[in-house]
Amino acid sequence: MNYPKPDTTHGVILYMEDVSVSFDGFKALNNLNLYINDGELRCLIGANGAGKTTLMDVITGMTRPDAGTVNFGQNIDLLKLNQEQIARYGIGRKFQKPTVFEALTVYENLYLSLHMDKRLWATLLHKLSGEQRDDIDQVLETIGLVSMRNRYAGELSHGQKQWLEIGMLLAAKPRLLLVDEPAAGLTVQEVERTAELLTSLAGEHSVVVVEHDMSFVRSIAKTVTVLHQGSVLAEGSMDYVQSHPEVKRVYLGEEGV
Amino acid sequence: MMMNWFSTSLRRVCLTLILTGVYVVIANVVFPEGSIFHVSSYTVNLLGKYLCYALLALSLDLVWGYCGIMSLGHGAFFALGGYAMGMYLMRQIGDRGVYGNPILPDFMVFLDWSSLPWFWSGTDSFIWTLFLVMAVPGVLAFIFGVMAFRSKVSGVYLSIMTQAMTYALMLAFFRNEMGFGGNNGLTDFKDILGFSLQSNNTRLVLFMLTVITLLVAYYVCDKIVTCKAGKVVLGIRDSERRVSFVGYNTVSFKVFLFTFSAILAGIAGALYVPQVGIINPGEFSPINSIEIVIWVAIGGRGTLYGAIVGALVVSFAKSKLTGLMPEAWLFALGGLFVLVTLFMPKGIVGLINNPEARQALINKLSLRLARKKGA
Chain A
1 MNYPKPDTTH
11 GVILYMEDVS
21 VSFDGFKALN
31 NLNLYINDGE
41 LRCLIGANGA
51 GKTTLMDVIT
61 GMTRPDAGTV
71 NFGQNIDLLK
81 LNQEQIARYG
91 IGRKFQKPTV
101 FEALTVYENL
111 YLSLHMDKRL
121 WATLLHKLSG
131 EQRDDIDQVL
141 ETIGLVSMRN
151 RYAGELSHGQ
161 KQWLEIGMLL
171 AAKPRLLLVD
181 EPAAGLTVQE
191 VERTAELLTS
201 LAGEHSVVVV
211 EHDMSFVRSI
221 AKTVTVLHQG
231 SVLAEGSMDY
241 VQSHPEVKRV
251 YLGEEGV
Chain B
1 MMMNWFSTSL
11 RRVCLTLILT
21 GVYVVIANVV
31 FPEGSIFHVS
41 SYTVNLLGKY
51 LCYALLALSL
61 DLVWGYCGIM
71 SLGHGAFFAL
81 GGYAMGMYLM
91 RQIGDRGVYG
101 NPILPDFMVF
111 LDWSSLPWFW
121 SGTDSFIWTL
131 FLVMAVPGVL
141 AFIFGVMAFR
151 SKVSGVYLSI
161 MTQAMTYALM
171 LAFFRNEMGF
181 GGNNGLTDFK
191 DILGFSLQSN
201 NTRLVLFMLT
211 VITLLVAYYV
221 CDKIVTCKAG
231 KVVLGIRDSE
241 RRVSFVGYNT
251 VSFKVFLFTF
261 SAILAGIAGA
271 LYVPQVGIIN
281 PGEFSPINSI
291 EIVIWVAIGG
301 RGTLYGAIVG
311 ALVVSFAKSK
321 LTGLMPEAWL
331 FALGGLFVLV
341 TLFMPKGIVG
351 LINNPEARQA
361 LINKLSLRLA
371 RKKGA
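Protein chains in written order, with UniProt numbering: chain A, 1 to 257; chain B, 1 to 375.
Treat the hints as calculated values from the structure; they're not laboratory data.
Derived lysine to any residue pairs resembling SDA-like cross-links, with alpha carbons at most 25 Å apart:
| hint | chain 1 | residue 1 | chain 2 | residue 2 |
| --- | --- | --- | --- | --- |
| 1 | A | Lys127 | B | Thr226 |
| 2 | B | Lys152 | A | Leu79 |
| 3 | B | Lys49 | B | Ile18 |
| 4 | B | Lys346 | A | Gly154 |
| 5 | A | Lys80 | B | Met147 |
| 6 | A | Lys127 | B | Asp238 |
| 7 | B | Lys223 | B | Thr16 |
A few chain B residues that don't get close to chain A, going by computed Cβ distances all over 10 Å:
| hint | residue |
| --- | --- |
| 8 | Phe31 |
| 9 | Phe126 |
| 10 | Pro286 |
Note that beta-carbon positions come from the ideal geometry of N, C-alpha and C, so glycine has one too.
Please construct the entire structure, taking both the sequences and the accompanying hints into account.
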């Protein structure tokens, strides 16, 4: 199962151009243009209803846009693929609420997520190879859950579940990671660890983080994109967007950051 | 842990089944009637019947306990397998029927039919019958599964659809025009593969075949739920959306499991019919399918041996209680289901295996009592 790799010769891994989505007349995305560079860590911020989740839904095939194009690299048209295919092409998504498989162990959670043939017969007959064991061990190392490998995921703390879910994404060896509110509900220490984890992932992977917690965003982001009413309002460094008059007016002003 | 070839529960179940099977056969053949060790032919037959139920419960547990698909129509797959075997047994009667027609079963002669309907052709071959036993429930489950799971029907809606399916089949099989003996179904069987169904030896062989089939089925089910696909299936039960984001096509896994389970149910039906000597449309009745769900719930869903324990315990209770007070059985069954759901969510085996569950039950009960006293 060799899926074509995204062509990133221009340094861009995700192209979203003129994307519009409306629900019953409400424009969740309005002529949105967004480019994610290969290997960067990008933060998306915006008030509730700015279109952050819809944007993630469009990329992962859960919502079809009314207009516009979404390309993975220059060559892969994501709008032609379904959810499973998009996952197999190398786009992983972490949801806001951690959804790990609670009835399975940490190890099994990662085992299921490994990058491999995921069709029925291959899965029925599959045996772990040494190389795959190493991959799982490496992910366990990265997310810091080595000692929990044989525990059921349902027994983990909220923070550990968040990391396990990030680990599941990593095991699939994705090119692009979409991470929805990784810091929500975590303790201060857990937030710090999560920030470290995400920064360490950039480079090898491209990471898009949606987050409300501004101090968290400041601690990880080089580039921040501000969404407002379904389109990009400003884009640049954290200092740049925080001093941007429009952003101050519509977002930071309201939220009082 | 997950790499273990022969999990302990698998070993235990296989051993228990083999020992029971061997003991029952020896006790029936070697010890004379009147000896306290003797197991009567009636009991052998009854046990064989219950083991068919156990196989049926196993098949339901596979989809319900492991994949969250609560089928209220598994009785239909069981009955279809039974009918396929029944057709073969009808053909074995030959010219010994009441009307003495060498080809046509009695009910067709009675209906003035001049030839066998097309779907009866080939049913005099045992091999073809074995194929039908698996293919008919399998194909039905496959088509049903593809349509239901593709359109993302799940939960209670799926249960209702499966219930409607078995009900529709029951109504259809009640009609004489269907060509399956209508109301009376298929009965008066004489031989299987030339051996008389009345003879004790044939019954012993059927019993042993049931034990062996249950063993093999248990082994295969255990392999399925412990292999990687089994983990995917568990994932689907808890969070289907997550599984598809990990890159699995959940529909194909669900269709596979549902079809496989229906085939097992069909085989159970085919083993059941020669041992009870009749198959009629009553087997399709919704209450039968609900009873299977209750077996699994009482035994402990999500553990394969729990399904077997549940089927055996409830069936024994049923045969005892219907002997004592026939009209009370349905109330007892309903009451049992409510009690198990409230106090033993993991069923009998959950209670036996898990000291925490035992403690929780005791706490719950004593809390109720304390409250009552307080009030």
